[in-house]
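Both chains are sitting in their own frames, so use the hints and assemble them into the complex.
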Amino acid sequence: MSMIEFKDVEKYYGHFHALKDINLKIDAGETVVLIGPSGSGKSTLIRTVNGLEEIQEGQLIVDGYDLHDPKTDMNKIRKNVGMVFQHFNLYNNKSVLENIMLAPRLVLKRDEAENKKIAMELLERVGLADKADNMPSALSGGQKQRVAIARSLAMKPKCLLFDEPTSALDPEMVGGVLKVMREIAQDSDMTMLVVTHEMDFAKAVADRVIFMADGAILEDASTEEFFKAPKNERAKQFLSQVDSH
Amino acid sequence: MNDFFAALSADNLSYLLQGLGVTVGVSIFSIIISLIVGSFVGIAMFEKIPYFSSLIGTLNNIVRNLPLLLIIFFTYFSLPQVGIRLPIFWSTVVAMSFFEAAMLSEIIRGGLESIDKGQFEGARSTGMSNKQTMLYVIMPQAYKKMIPPLISQLISLVKDTSLASGIVLADLTYRGQVVYAQNSHYIVPILIFMTFAYFVVNYLLSLLAKYFDRKLA
Ligand SMILES: Nc1ncnc2c1ncn2[C@@H]1O[C@H](COP(=O)(O)OP(=O)(O)OP(=O)(O)O)[C@@H](O)[C@H]1O
Ligand SMILES: [Mg+2]
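For the protein sequence lines, the chains are X and C, in the order given.
According to our numbering, the residues represented by the first sequence are 1 to 245, in order.
According to our numbering, the residues represented by the second sequence are 1001 to 1217, in order.
FYI, nobody ran anything at the bench for these hints, they're computed from the structure.
A few of these clues could be false.
[Stated by the list, open to error] Covered, in the sense of this in silico footprint (three residues per stretch, anywhere, with C-beta under 8 Å from a C-beta of chain X), are these stretches of chain C:
{"#": "1", "stretch": "1137–1150"}
{"#": "2", "stretch": "1180–1193"}
[What the hints assert, rightly or not] In silico BS3-like links for lysine-lysine, alpha-carbon gap of 25 Å or less:
{"#": "3", "chain 1": "X", "residue 1": "Lys109", "chain 2": "C", "residue 2": "Lys1210"}
{"#": "4", "chain 1": "X", "residue 1": "Lys94", "chain 2": "C", "residue 2": "Lys1144"}
{"#": "5", "chain 1": "X", "residue 1": "Lys94", "chain 2": "C", "residue 2": "Lys1215"}
{"#": "6", "chain 1": "C", "residue 1": "Lys1048", "chain 2": "X", "residue 2": "Lys71"}
{"#": "7", "chain 1": "C", "residue 1": "Lys1048", "chain 2": "C", "residue 2": "Lys1144"}
{"#": "8", "chain 1": "X", "residue 1": "Lys71", "chain 2": "C", "residue 2": "Lys1144"}
{"#": "9", "chain 1": "X", "residue 1": "Lys94", "chain 2": "C", "residue 2": "Lys1210"}
{"#": "10", "chain 1": "C", "residue 1": "Lys1048", "chain 2": "X", "residue 2": "Lys76"}
{"#": "11", "chain 1": "C", "residue 1": "Lys1131", "chain 2": "X", "residue 2": "Lys76"}
{"#": "12", "chain 1": "C", "residue 1": "Lys1210", "chain 2": "X", "residue 2": "Lys156"}
{"#": "13", "chain 1": "X", "residue 1": "Lys158", "chain 2": "X", "residue 2": "Lys76"}
{"#": "14", "chain 1": "X", "residue 1": "Lys131", "chain 2": "C", "residue 2": "Lys1131"}
{"#": "15", "chain 1": "X", "residue 1": "Lys116", "chain 2": "C", "residue 2": "Lys1131"}
{"#": "16", "chain 1": "C", "residue 1": "Lys1159", "chain 2": "X", "residue 2": "Lys94"}
{"#": "17", "chain 1": "C", "residue 1": "Lys1159", "chain 2": "X", "residue 2": "Lys203"}
{"#": "18", "chain 1": "C", "residue 1": "Lys1117", "chain 2": "X", "residue 2": "Lys94"}
{"#": "19", "chain 1": "X", "residue 1": "Lys71", "chain 2": "X", "residue 2": "Lys94"}
{"#": "20", "chain 1": "C", "residue 1": "Lys1215", "chain 2": "C", "residue 2": "Lys1144"}
{"#": "21", "chain 1": "X", "residue 1": "Lys76", "chain 2": "C", "residue 2": "Lys1117"}
[Claimed, not checked] Pulled a few chain C residues facing chain X out of the computed Cβ check, cut under 8 Å:
{"#": "22", "residue": "Asp1011"}
{"#": "23", "residue": "Gly1118"}
{"#": "24", "residue": "Gln1119"}
{"#": "25", "residue": "Gly1122"}
All C-beta atoms in this analysis are idealised placements derived from N, C-alpha and C, irrespective of residue type, glycine included.
Isolated chain C, as found in the complex (with noise of 0.2 Å):
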């Protein structure tokens, strides 16, 4: 009943890791995005600007109340009608990296709270400009602390462009819904194999998330 030789034929083999690739291809793009946008916005909300940190404090709490799936349909259906026509690959890009930003965010605004307010002044008291005190004093021991949670958010991102195959994108889950399509005796076998996909991107990305914990210790 299970067909593993069939359903991993290499033809179907060839189409799913062209999905898987998209997949990754989706949240390379995604992670580098909101990595950057999510620091700037954290770093924002945490500097206490009048308006402007409350302002994108409130943006940021509507976002991250929203469905990332809404998120993904509306940019999907919506950008096209003011004129902005992606492909279906990079308005996966723009929904994730949004909402993904927001997440990091919060990740990022709350790892620069937990840094002891003494640490600033005695970097200020030497007359250390902020940034510099956020650069070289600040920001390391935050991203240190922050490491953990931005990985497990990095890798529920990975796991949640799976929501794009709702607008066809053709990543790995779509494409293994179109494979056991075929087939019902392909079903179990394609399950296992996306399970396992699946598993070693993220089991990679927390490797690397080792290495860099490492690297600033």
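The shape of chain X in the complex, shown without the other chains (with noise of 0.2 Å):
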């Protein structure tokens, strides 16, 4: 069963045509990577999963409801489709505990005891638990991260997205935050979406992989066939320009 499916996506920011005919299925379970340089619309992309950035003509269908139909409740896809970001975004008025526990108080009414049951075991399973009552600001930036993988999964979504969620982290930190991510794909059965730049996770990780330049796919395969030989010319380049750092 498909997770995602992108049918004839186009998506306009005003007049600026940035993403161009998207056409894409992702199945329930696949881990897939989406690469490609710097404004090619990969976080456009990624955004529209979750309804972040709307999306102008075609069918976008996600855990199947179709999100360009304006009868469909948004907040009930969240509810199942989770997102980490560059800069995670935790609550900065709330502890590293409540940031976890609150989506699932107020959205799954999940009681309380339960709830921090939950949160605390995620922690522990990010290697945090000693955190819980700090404020997010005495948090590094890898621990910040994990703490948002955290969040993410405390409403046990069927789908998690991840645009460049080690970008924005100082080199040291990025071992610990793609060892969660690797262990999420691997011991779960939940469909993820990893925009990344580092192609040592995609290739031990991914199922698939997706290339992009300038709004439209441009390749599709593989994990193994992509790395191997690239059959697109752009994605060759890129992954010689990738390499080389």
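Here is the structure:
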């Protein structure tokens, strides 16, 4: 069954054509990595999946709901589709534990004791149980991102979106975050769509790689095929540039 | 020449303190009403509801650019003409609340806009509704930032109640004038008394603000 399906999707910012004729199907449980040069529309594409950006034409079906249909209740979809951002976006006014417990309490009406138990288990899992009562401002970037991942997981989503989760981190913090993401990909049947420049992560974890440039998908291949020999010229170029870093 | 004892005789003092009571009364009602109305207007402008937000924004701009004294006069003299008869106290409260709501709404809109968009996206991406996001994530952060400008606006509200002495509201300023009109030796003592009284009221207001600031922190 497909978790995410784009059919002839077009997205404009005013007159700027940001997504061009996107056709893409991601099955439940798949881990897909989205790569491409800066400004190619990766963030735009991933943000349409939970309705942070609207599409102007075509169909976008997520978890069985058509996002382009004005009758669709976006909050229902977002309950099942979490997102992890480049700049973490933890609530500045809430402790680490409260960051994780807030949405389950308000949206799922999860019982308070149960909510806390799940939140603490998740903090344990990302290695930050001792930071439960800290404010986000007291955490390092890598720790913030692991809390943000725990916050998304607390909703028990079917699908998780990651938009460059490690790009804002100091190099020594990247490994810890990628490790958590790898564990999620391997231990759960969650669908994951990840925008990243971490090619080693993509090679190790992704089932598929999608390459975008100028708002269009230029290549969509299995991870093995893609890294062995990308068919698209620009994808080739892009890979050689990234590898030389 | 300055006759403190006669100026602040028991009679005069009680007369002046009643005026202070009127000043504080007008201020308290105006603060409560303008905070409520100003919050709604500020949030409405922030939410960018088509037509509605820009209409409110325009009205707001007009009100903010009028002298408060004009609004006080206007309310006092024009409302009776459309059949609304208010005692002078409430007429002043209406005028002050109207004007201050416009001023506060701008502070509130600005405070909301100063919150990083990422805070919204973080909350919305967990399935929280717009209302929940505003209530639990955005407003607590915004109000904390707004407290200093809100308080300085509310302090000028208290001071500006004195403008209503122009329509003969028997507030502290008006009564001070009545008392020192009796005897020129009273002028300086009464002015000193008024200075002290306004200062105490506003100082208490700023203490209250510090208290809320700490509670929200
Ligand atoms: N809100 C917006 N309004 C107008 N144009 C936008 C907006 N957001 C993005 N764009 C434009 O759309 C294009 C795609 O942007 P997007 O952020 O999706 O790229 P990206 O692939 O994520 O790039 P990066 O790797 O730098 O994050 C860019 O040209 C950008 O300038
Ligand atoms: Mg991006």
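Verification of the hints:
| no. | hint | verdict |
| --- | --- | --- |
| 1 | 1137–1150 | holds (count 4) |
| 2 | 1180–1193 | violated (count 0) |
| 3 | Lys109/X x Lys1210/C | 35 Å, violated |
| 4 | Lys94/X x Lys1144/C | 13 Å, holds |
| 5 | Lys94/X x Lys1215/C | 14 Å, holds |
| 6 | Lys1048/C x Lys71/X | 21 Å, holds |
| 7 | Lys1048/C x Lys1144/C | 22 Å, holds |
| 8 | Lys71/X x Lys1144/C | 36 Å, violated |
| 9 | Lys94/X x Lys1210/C | 21 Å, holds |
| 10 | Lys1048/C x Lys76/X | 23 Å, holds |
| 11 | Lys1131/C x Lys76/X | 15 Å, holds |
| 12 | Lys1210/C x Lys156/X | 41 Å, violated |
| 13 | Lys158/X x Lys76/X | 12 Å, holds |
| 14 | Lys131/X x Lys1131/C | 29 Å, violated |
| 15 | Lys116/X x Lys1131/C | 24 Å, holds |
| 16 | Lys1159/C x Lys94/X | 37 Å, violated |
| 17 | Lys1159/C x Lys203/X | 68 Å, violated |
| 18 | Lys1117/C x Lys94/X | 16 Å, holds |
| 19 | Lys71/X x Lys94/X | 33 Å, violated |
| 20 | Lys1215/C x Lys1144/C | 10 Å, holds |
| 21 | Lys76/X x Lys1117/C | 21 Å, holds |
| 22 | Asp1011 | 53 Å, violated |
| 23 | Gly1118 | 4 Å, holds |
| 24 | Gln1119 | 6 Å, holds |
| 25 | Gly1122 | 3 Å, holds |
Hint violations for this structure: numbers 2, 3, 8, 12, 14, 16, 17, 19 and 22, all remaining hints satisfied.
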